[in-house]
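Engineer: Chain by chain, the residues run as shown.
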Amino acid sequence: MASAFEYAPAPESRAIADIAPSYGLFIDGEFTDAADGKVFKTLSPSTEEVLSEVARAGAEDVDRAVKAARRAFAKWSALPGSERAKYLFRIARIIQERSRELAVLETLDNGKPIKETRDADLPLVAAHFFYYAGWADKLGHAGFGADPRPLGVAGQVIPWNFPLLMLAWKIAPALATGNTVVLKPAETTPLSALFFADICRQAGLPNGVVNILPGYGDAGAALVAHPDVNKVAFTGSTAVGKEIARTVAGTRKKLTLELGGKGANIVFDDAPIDQAVEGIVTGIFFNQGQVCCAGSRLLVQESVQEELLDSLKRRLSTLRLGDPLDKNTDIGAINSAEQLARITALAERGEAEGAERWSPACELPSSGYWFAPTLFTGVTQAHTVAREEIFGPVLSVLTFRTPDEAVAKANNTQYGLSAGIWTEKGSRILAVANKLRAGVIWSNTFNKFDPTSPFGGYKESGFGREGGRHGLEAYLDV
Amino acid sequence: MSDRTPERLTVFKTYKLYVGGKFPRSESGRVYEVTDSKGNWLANAPLSSRKDARDAVVAARKAFGGWSGATAYNRGQVLYRVAEMLEGRREQFVREVAEAEGLSKAKAAAQVDAAIDRWVWYAGWTDKIAQVVGGGNPVAGPFFNLSSPEPTGVVAVLAPQKSSFLGLVSVLAPVIATGNTAVVIADERAPLPALSLAEVLATSDVRAPLPALSLAEVLATSDVPGGVVNVLSGRTAEIAAPLAAHQDVNAIDLAGADEALAKELEIAAADNLKRVLRPQPVDDWSATPGTDRMTAFLETKTVWHPTGSLGASGSSY
Amino acid sequence: MPTTAPTASAAAHVLSDVTASDAALRRFLHGLPGVDAVGLEARAASLGTRSIKTTAKAYAIDLAISMVDLTTLEGADTPGKVRALGAKAVHPYPTDRTTPTTAAVCVYPDMVAVAKEAVAGSGVKVASVATAFPAGRAALDVKLADVREAVAAGADEIDMVIDRGAFLAGHFMKVYDEIVAVKEACGTSARLKVIFETGELSTYDNIRRASWLGMLAGADFIKTSTGKVAVNATPANTLLMLQAVRDFRAQTGIQVGVKPAGGIRTSKDAIKFLVLVNETAGEDWLDNHWFRFGASSLLNDLLMQRQKLATGRYSGPDYVTVD
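Residue numbers (our numbering), protein chains in the order written: chain Z, 1 to 478; chain B, 1 to 317; chain P, 1 to 323.
Next up, chain Z with everything else stripped away, as it sits in the complex (with noise of 0.2 angstroms):
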């Protein structure tokens, strides 16, 4: 939106994340070279400038970090729970020293506005350690038994979307249930993962606890199959998650499957308009719409349609998309080049399938991976943009007129992650919370995340839960 009001670039100094032109997995406390002394570049994904060069891990890798962990295991298990909370809480305190830092390198690395790194992913991994940290001497309150056991070693495979986050919620509880994790980041945001393992050794960590291995789906597939993982935990695509399943099957792994979503946002006529507005924007294009649990599916009732969408084009108008270091910024990179490819296939296929669509003014960046806020209407259910799991600012619209038709729409899906309900009526809250399909229902508001708050889906979106008293049942061996 032009205006008299221009906010002048106002970024967020780079220096402050020290990158090194190279980085080495991490096994057994040391950072080394790949087996085969492969590696691969993480680029920025907003200028495509290559950002350092990282080994990638093979299966040989992969087996000498899972030996790691294994070595690591006997010990740590043992460790009275109060000494492994305090090193957790080390672990907290430090993520929340070098916050500033990590949320440049994640901007950085990832291409998501560092003004949500800042207010909502970093808080949140600190505050994901220090919630699990207190579990560790506490587990036979947990109402798992009076002295529950760790599983062992923990393997466990995250996506870009919220690199250090997702890394939070898969280490956070194992280590504080006494398992030793070999985790491996995604192929294109390695670097924060690289870094708490440095923080582990400021940490003082014990070598093997935490060995980190960025690398591609291949050492993912050979970390998943590999005999001596006790435990697996995924959080990405649903695709990846079923293959896991199947490789898992038969086996005494225990696994935690947190995949895709399509999530509904259903908005009543007696809806507090303008924060269900601000909830509608925040659902999808929080990150880019790059998440799990986005509200990627509008279900507005037919009679508030109208106005409804004449606020939110108003709303999107004002959304600031480009440098991601920019404090002002709220439209950030997409993360890959695949990803972007991905967004736009699937938003030319909802315009092929007659949806109409509607972007703001805006101005892509000519380097980097970009798409614009993008809104679909006039979509039914049959349409792709309803269905499929576009990962990307991309928000469809479909009508309703009773909340009967709201429920039935928003549950006709093979997913089941989230929902949100938009309301001023507290029974139909209620009501309609009860009958969605969801593992997560933002009533009045969306995509809030709390370490406390149990986390994932019904159906296809996967099972098991983090956060909470909940997460701590994948870690142990109930």
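It is worth saying that the hints were derived from the structure and are not from the lab.
Predicted model only: the values in this text are computed from it and were never measured.
Accuracy of the hints is not assured; some may be wrong.
As the list claims (entries may be wrong) - DSSO-like mimics (lysine-lysine), calculated; alpha carbons at most 30 angstroms apart, straight line:
{"no.": "1", "chain 1": "B", "residue 1": "162", "chain 2": "B", "residue 2": "263"}
{"no.": "2", "chain 1": "P", "residue 1": "268", "chain 2": "Z", "residue 2": "448"}
{"no.": "3", "chain 1": "Z", "residue 1": "435", "chain 2": "B", "residue 2": "22"}
Unchecked claim - Below, a sample of chain Z positions facing chain P; criterion: calculated Cβ distance under 8 angstroms:
{"no.": "4", "residue": "4"}
{"no.": "5", "residue": "6"}
{"no.": "6", "residue": "243"}
{"no.": "7", "residue": "271"}
{"no.": "8", "residue": "272"}
{"no.": "9", "residue": "279"}
{"no.": "10", "residue": "328"}
{"no.": "11", "residue": "338"}
{"no.": "12", "residue": "340"}
{"no.": "13", "residue": "444"}
For glycine and all other residues, C-beta sits at the position ideal for the given N, C-alpha and C.
On the provided structure of chain Z, position chains B and P as indicated by the hints.
Structural biologist: Frame of chain Z, contents of chains B and P only:
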């Protein structure tokens, strides 16, 4: 000629499947011989087909809304009523278990008593499990946040192969106590108690035809609606395969599968990410179970809502 | 750029049915969309994280200075105090004549004539609180006399208070009628600012209702507070009122101004409010004809920040005037 009354010829029973509250014959039109532990013929049991499995899933899905939407108290009442019915048929079950498992009458009676007690135990869980595994979460913000367990949906249950009644009850009761609906594959070798159990479930159903029971039982509060439990007999591996692959089945309990079958079914179950309860090493079904068999088929739903202040920001009230 | 605003009667035309009766007005006000307090405050806080630097900051500071209603509303006000205030409004920073004037000085009715003389020829307006400010607990005749006196003395703007008692008791028509009467007393020469005393209305739903009520009755400005109660202007209540004027214009074509008052003391705060304006009502409101700050100490902080930007050094209170 003898003046003694000739021994009375007993009336055999035709065992049928239990699907959607009705007792159909298998769609296959086939039966298989069920024998006692010494190999003597006991009865013919229906040999369920893939289509029977499919029909059972349809029935279970149809029943899910009502059963999961019933109050927990009501589910407890219905399940307790089932226990009453079981108690009433105790002698029948003792006989069937003794024959099926080759147990003495006393040992079979112990199994049946444990099973009835197990059923009562689960009946009491219906309105407590949510309090034990759910609760408020103290999030760091102005939000009310509550996690509650919800049934996962339609659960395929492979009944244990070595405990025809106690094992069956131990795997079935937790599934339906938590509000799921079930498609049960009876112990292949000893399906009769399961089929008889189905009769008990049916007779607790005021909506299903009730040829056999007294009016008092009909009027009783118990009410396991048709479709909540569906019982199939036949070749476990044959029936389980389509269930494990079925896209409208939400979970599968592999208790009755051997290692090879369990792996195969778990792979098939990944297609729609069914919740899979792998076969557990169970030495003694009579040991007190924990809550695991219930939580295995529960989802956790977490609902957020803003709390906010009574007045506009900074109100002095 | 003040534009010729459609008159209140135009509003009456578009939404005439809603003020046809007490019941109709109540139904209309209660039918406005609700406000979720947490969501509103979160949005205000999030806009508060905008980072306004260098050229944008210079622009914002000058704009904010030009939007100040420099206010003295004390029992101890004297002609001398008001003259000093007027001088400051005209030349906020005597040694730097590029500094904009403030929008207005705001005084009690009996000081209007003095203030008028003090700002004569400068373009600075004289605003006067009236209608038994700040409590508003007086007979309508008295309130109207208060207004007429101020207008007669040359007030360009009248800042009235609504009858919060009537509003909270649900007598919306009484509040409406009173605003209409005051508007009439303002005549064609004075613009009317309607003060809700949002701290006393307490809920955001009430603030949204009061905003529409005031606009329907012909307010030229809606204003948060008197500055005399515990809770005055906040980012959240101002954001809500900005949404109201935005929506009112969309529905009626009539633009209404917004004035947060009380509690805004620093440049940083003022800039946050300007961000709210920019991203909620839009740039049409980024002008002192449509947005004001009711403040007194804010001006000196704006002036010190302005000097900092100009010279690169931090200024101090001794380098701005104490008036």
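Engineer: All hints are to be evaluated individually against the structure, with a verdict given for each.
Structural biologist: Do the hints match the structure? See the list:
1. Only pairs whose Cα atoms come within 30 angstroms are accepted, and residue 162 of chain B paired with residue 263 of chain B is accepted, the gap being roughly 19 angstroms.
2. For the suggested pair residue 268 of chain P and residue 448 of chain Z, the alpha carbons sit about 28 angstroms apart, so the restraint of at most 30 angstroms is met.
3. Only pairs whose Cα atoms come within 30 angstroms are accepted, and residue 435 of chain Z paired with residue 22 of chain B is accepted, the gap being roughly 28 angstroms.
4. For residue 4 of chain Z, the suggested interface contact is upheld, since its CB lies about 5 angstroms from the closest CB of chain P, less than 8 angstroms.
5. Of the supplied interface hints, the one on residue 6 of chain Z holds, with its beta-carbon coming within about 6 angstroms of a beta-carbon of chain P, less than 8 angstroms.
6. Here the hint on residue 243 of chain Z is broken, as its CB sits about 39 angstroms from the closest CB of chain P, past 8 angstroms.
7. Here the hint on residue 271 of chain Z is kept, as its CB sits about 7 angstroms from the closest CB of chain P, short of 8 angstroms.
8. Below 8 angstroms, beta-carbon pairs count as interface contacts, and residue 272 of chain Z has one with chain P at about 4 angstroms; its hint therefore holds.
9. A least Cβ separation of about 7 angstroms between residue 279 of chain Z and chain P falls short of the 8 angstroms threshold, and the interface hint therefore holds.
10. With a least beta-carbon distance of about 6 angstroms to chain P, the hint placing residue 328 of chain Z at the interface is held under the 8 angstroms criterion.
11. Interface restraint check for residue 338 of chain Z: the shortest CB-CB distance to chain P comes to about 31 angstroms, outside 8 angstroms, so the restraint is violated.
12. This hint is violated: residue 340 of chain Z has a C-beta 27 angstroms from the nearest C-beta of chain P, more than the 8 angstroms allowed.
13. Annotation: interface hint on residue 444 of chain Z holds; nearest CB of chain P at approximately 5 angstroms, less than 8 angstroms.
Of the numbered hints given earlier, the model fails hints 6, 11 and 12; all others are met.
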